[in-house]
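Enquirer: If you read the protein sequences in the order shown, they are chains A and B. Going by the numbering used here, the first sequence opens with residue 1, and the numbers climb by one from there. Going by the numbering used here, the second sequence opens with residue 76, and the numbers climb by one from there.
Don't read these hints as lab results, they were simulated from the structure. Fair warning: there could be bad hints in the mix.
Result set (DMTMM-like, lysine to aspartate or glutamate): computed pairs, CA atoms no more than 20 Å apart in a straight line [what the hints assert, rightly or not]:
1) B/LYS415 - B/GLU291
2) B/LYS347 - A/ASP50
3) B/LYS302 - A/GLU33
None of these values were measured; they are calculated from a predicted model.
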Amino acid sequence: MEWLVNSLIVTLIGMGVIFIVLGVLYLTILGLEKTFANTKHSTPDLLEDDPEIIAVVKAAIAMYRKQRQKLSKRK
Amino acid sequence: MIKFCDCLIVLSFNSITDRSFILGDTLTISSAFEKILSVTGFTSLTLDSTVMILIALFLIYLAIEKEFEPLLLVPIGFGALLANLPLSHMAVGDEGGLLNYFYMGVKSEIWPPLIFLGVGALTDFGPLLANPVTLFLGAAAQIGVYITLVIAVALGFSLQQAAAIGIIGGADGPTAIFLANKLAPELLAPIAVAAYSYMSLVPIIQPPIMRLLTTEDQRKIKMEQLKPVSRELRIVFPIAVTIICLLMLPAAAPLIGMLMLGNLFRECGVTKRLHDTSETHLINVVTILLALSVGASMTAESFLTLQTIKIIVLGLFAFVMATAGGLLLGKLLMVMTGGKVNPLIGSAGVSAVPMASRVSQKVGAEADPHNFLLMHAMGPNVAGVIGTAVAAGVMLALFGKSGQMTPGHAELLLAKGSDFLKILLGIG
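Generate coordinates for the entire structure from the input sequences, incorporating the hints supplied.
Expert: This is how it looks when you write it as structure tokens:
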């Protein structure tokens, strides 16, 4: 029976400590959020950042337009 | 004819160091052949080592053919193969052997924290910072660790061994290796293999549990888009986590410290070279060394035991419980927020980044193809990494030698706790 009590205590302590530590982290994040509320938000990396991707997308759009024009002429 | 072939050959080559040769003893062809044969691995091949070689080949097969964590299982399997080929002197414990030197990195707790440095450099804590309540999902998933600990103790493992087995439920290979090496080095090989195998099986293990514990309507819940996170918050977060966690739980310092340093490299924007190295070359090199070391520890004596089977079963149980724990807290959050949280993201509370998040996304998209849960699930997923490291820190604090609390403290704590529970239950 002692093994059960010991392992249950470890479980209680372990889960308790995890929730306390992560709870403190949660409060810290909330506090930091308020502290940095007025600062600029970081912008995610956009496609605009990569000229190669932009060139590929532009070429694809041009091809698509040409094809549409050809199809509309046939009609 | 044989007798003819078996003619006497007198050898007196001083360059050959064998005593019989040096002394110019007579040697027959058959005895020479026997001598050659005796220095090959064939004569030393035992049934146990053959079985281990087959297990090693099976791991390599799983990695290459089924793509189960190939980056880890290929070197682990190959390390096991090298270690079990007789007379190769490549197993852990073979003094002077190459892999025994590599294993010093595990023994000295160098490789797992370095892996964590790379993981930190790879991890984006943005989704967690955008929705910090998901931290608790990462905490809830750790229940799998502790329920498994109780069952493992019931099956006859010591508390230290049970703690090392339970951490498999954290779905974090380096943490499992780190803790097993500290608390139960004799179980390191089966624990590492179980941890990495189940991590690769997350897409198979989790979905049935997720469907069982949630309704169709719950799986269809769409979550609001995550708010943007400021650069300052991203930079301060790893520093704050380090200070808070290590003040509260110094035993977790190697893991959390390295994880957060890696993340600071990523977010601060002024250490691009260090960040690049940490998330690519460093983590790759250390993965090779760590996985080979673990493979080299898979010798027949340490692996072909009844304990290994128990650990494999317990590891699966830990994963199932961890998934269920995260899901149940996810359901609670869903109720508390009036249906704004999809409980499926709770299952990502087990570490296994980013596979567990992908599973949440997949199961959510099955219910509604327009439901995008991936980024929402990344919050609990990275919280799970912190949660598992904290769980390991608790175990080390209770049972380890380097924590704040020595085993003596742990015994005292257990005795006090035992008395308290007895009073609570009215026993004695």
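Enquirer: So, for every hint listed, does it hold in this structure?
Expert: Now the hints, each set against the structure:
1. B/LYS415 - B/GLU291: The hint holds at about 15 Å.
2. B/LYS347 - A/ASP50: holds (18 Å)
3. B/LYS302 - A/GLU33: Since the Cα atoms of B/LYS302 and A/GLU33 sit roughly 11 Å apart, the hinted pair holds (cutoff 20 Å).
Hint check: no violations occur; every hint is consistent with the structure.
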